[in-house]
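As a plain string of letters, each chain reads:
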Amino acid sequence: MIRTATRYRMLAMFVVPALAVYVAFAVYPLLSSVALSFFDSSGGSSAFVGFGNYVDLFANPATSERFWNALGNNVEFFLIHLVVELPVGLLIAALLTSGRLRRSVAIYRTLLFIPATLSVVIVGFLWRLIINPLWGLVPFPLLGNELTALPTISLMSVWQYVGIPMVFLYTALLAIPEEVVEAARIDGAGGWTTFWRVKFPLIAPQFGLITILTYIWTFNGFDIVYALNGSAPGPNYSTDILGTFFYRSFFGSSGQVADLDLGATVASVIFAIILVTCAAYFWIVQRRLKTYEL
Amino acid sequence: MRFTPAPLAVLAVVGLAVVGCAPASGTGSEDGDTTIVLGTWRTEDAAMWEADIIPAFEKTHPGISVEYAPVDTNDYNAAIQSQIEGGTGPDVIMCRPFDVNRSWIEKGYFDPLDDLDAISAFPETALAAWQGDDGSSYCVPVASVLAGFYYNKAIFDELGLEVPTTQDELIDVLQAIADDGTYTPLALGSADGWQLAYNVLYQIGPNYWHGEDGRLGLIDGTKKLTDPDFVAGFAAFDELKDFLPSGFESISYEDMTQLFTLGKAAILPDGSWQISQVTSTGLDVGVFGAPVAEDGDQRYQQEMADMAFGLNAESANKEAATEFLEWLGTSEFQQLYVNKLPGFFSMGTEPVHYDNALAQEFADLKQGAQLTSRLALDRLSAGQPPLDDEIWRVSQLMYNSGLSPEEAAAELQKGLDSWYTPAS
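Chains as they are written, first to last, in the numbering used here: chain G, 1 to 294; chain W, 1001 to 1424.
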């Protein structure tokens, strides 16, 4: 029998190393980045300016125009992911579990997941060649037109990551016991009814999870846009999202001198956008989702 | 139950960490030589420096050895800054042109070099990119890049075309190629804004805004982008948009280079750094400079200062480092350097011979022309919105959405006025 004090000491022993690493490499940098956003360090010395950088970011036309544009684009980037990736992922998962593919299920499952394992640079490069007006299949400059550029990039990203919601929903569908489906069939339900009335409610909690993951992922998005269009993504900043806006502010671009305070401010805003929504989601939505005991 | 192993393990881990963090051993070497370290962003040139240039220096300067220490170009600024702040900076530092270097000078990273003979081997325009606000020079220029119009000689011969020297002749030539219909007149796309700005607008425009007069006029506030000279420059740039390949809005820098090297396009506006690339498929390529407005006008040639070396103010080996910097000013070094690296050009006053014929043709463009830097990189982009980025954006809008030269100039000037106070 181990005494309580020893038990706590053991607990501390096991927790402290991981906690120390986490604090040193995640919590501290995060907080110091947020702290940086309250200072103005241009001109050598650092002065506390309160919410000055935030006011600049939201209201000073020189920076706010780009910020609101990037935020709007980011919302569009998220919505396209959600509206396309989720239904397509569901359709594929339903087909994979429908039993109609017989023994080729494993092959399809692997093929559909492969893009998610590719480097984003390769995905960008492949698609850029496919839709290139000079050498590719599409004569229309999809990436060069302000209206089509962002949807095009979003769809490339959807193509790459559709395997993720597919796997989530696929495993959820597999977890449904055969007896439930059988019972429905005996009661006279067809395939369509069985899916929507029986299977769908059982996998519904997955949608909340996928939505919030897509949200986090798209608002932290950066790589596909940067790989295709660089850090000042054109045309006319129509593909600029928060990640690229942050990169440009914090690290500078060819013509732009890096501004650490502004960059930290943008990073803090991105952090807040994700934090608030996730917290709201977990408190309000996730707790109310009905899960069925099977 | 005892936990003695755990503290030991912690000690071991800490010990490892301390060893791992220990600074690399100093610059002294066994044979009594002084070793100087060159900090640069040219990772791709490491082999060339180590095999050719450093041995040439060490042969004539016994007792000094040189270590080439490149950092990837994207990390270079941050790396050098943290090294210098931490007291471990290289003895000789490669200098970025204009604003970045000016901030480094203000932070006291460099010693002034006005007393060096090497500095007097360069004209004022070459030194300008690395001078402080006090007018002193802090870096010895190494190389510049030039902009020009590459042209496919075979296509020009086939269609019986002459190399254009005025804007009207250029438009006629492009029209003739378009009428013939076999080739794309101009290998140019607008997917990369920087390319439109650096290789087209900043190349043609100086002939209208009179090169350095216009550029420095914007900086000291005596000129505005809405002045007729600047608008004329934007208009000349705008005239080329009728001769682009279809789908040009999506055509990137790599695409247009390929279009030209495959022999499908006649003219490619680009930088001298592409010399090896454009001739890689065996094309017979020539180059001409930006056409002037009217026959007999003064010609302006874009020469972009690219690399220079400065002396770390905290260096422990200043004497040896200074000897190295002096050597950079000699034609021995410049001759060696530019011929190892076709596409880069000596900025010195002494003429240098280029073994690469196309490089020599490029260098000849400087004859009789006044040199000028890219328009917006000095001071005008050190605020929000940065003029350079805005020019990328607006030049794309001119080609993609039909923004007029007047509107473009007005929009740019408005952005600049919102934050820039002219330097006196």
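Honestly, I wouldn't trust all of these hints.
As the list claims (entries may be wrong) - Derived contacts from chain G toward chain W, CB cut-off under 7 Å, selection only:
(1) P139
(2) T171
(3) A232
To be verified - The calculated EDC-like cross-link candidates involving lysine to aspartate or glutamate, where the alpha carbons are at most 20 Å apart (straight line), are:
(4) W:K1264 / W:D1284
(5) W:K1241 / G:D40
(6) W:K1366 / W:E1350
(7) W:K1241 / G:E65
(8) W:K1059 / W:E1323
(9) W:K1107 / G:D40
(10) W:K1340 / W:D1033
(11) W:K1224 / W:E1411
(12) W:K1366 / W:E1254
(13) W:K1264 / W:D1172
(14) W:K1414 / G:D40
(15) W:K1264 / W:D1180
Claimed, not checked - Derived list of chain G stretches under chain W, where covered just means 3 residues or more per stretch with a C-beta under 8 Å from a C-beta of chain W:
(16) 190 to 199
(17) 234 to 243
These are computed hints drawn from the structure, not numbers from a lab. The beta carbon of each residue, even a glycine, is placed where N, CA and C say it ideally should be.
Results of checking the hints against the structure:
| no. | hint | in the structure |
| --- | --- | --- |
| 1 | P139 | holds (6 Å) |
| 2 | T171 | violated (38 Å) |
| 3 | A232 | holds (5 Å) |
| 4 | W:K1264 / W:D1284 | holds (13 Å) |
| 5 | W:K1241 / G:D40 | violated (43 Å) |
| 6 | W:K1366 / W:E1350 | holds (13 Å) |
| 7 | W:K1241 / G:E65 | violated (28 Å) |
| 8 | W:K1059 / W:E1323 | holds (13 Å) |
| 9 | W:K1107 / G:D40 | holds (17 Å) |
| 10 | W:K1340 / W:D1033 | violated (27 Å) |
| 11 | W:K1224 / W:E1411 | holds (12 Å) |
| 12 | W:K1366 / W:E1254 | violated (27 Å) |
| 13 | W:K1264 / W:D1172 | holds (19 Å) |
| 14 | W:K1414 / G:D40 | violated (25 Å) |
| 15 | W:K1264 / W:D1180 | holds (13 Å) |
| 16 | 190 to 199 | violated (count 0) |
| 17 | 234 to 243 | holds (count 4) |
Violated hints, listed in ascending order, are 2, 5, 7, 10, 12, 14 and 16; each of the other numbered hints is respected by the structure.
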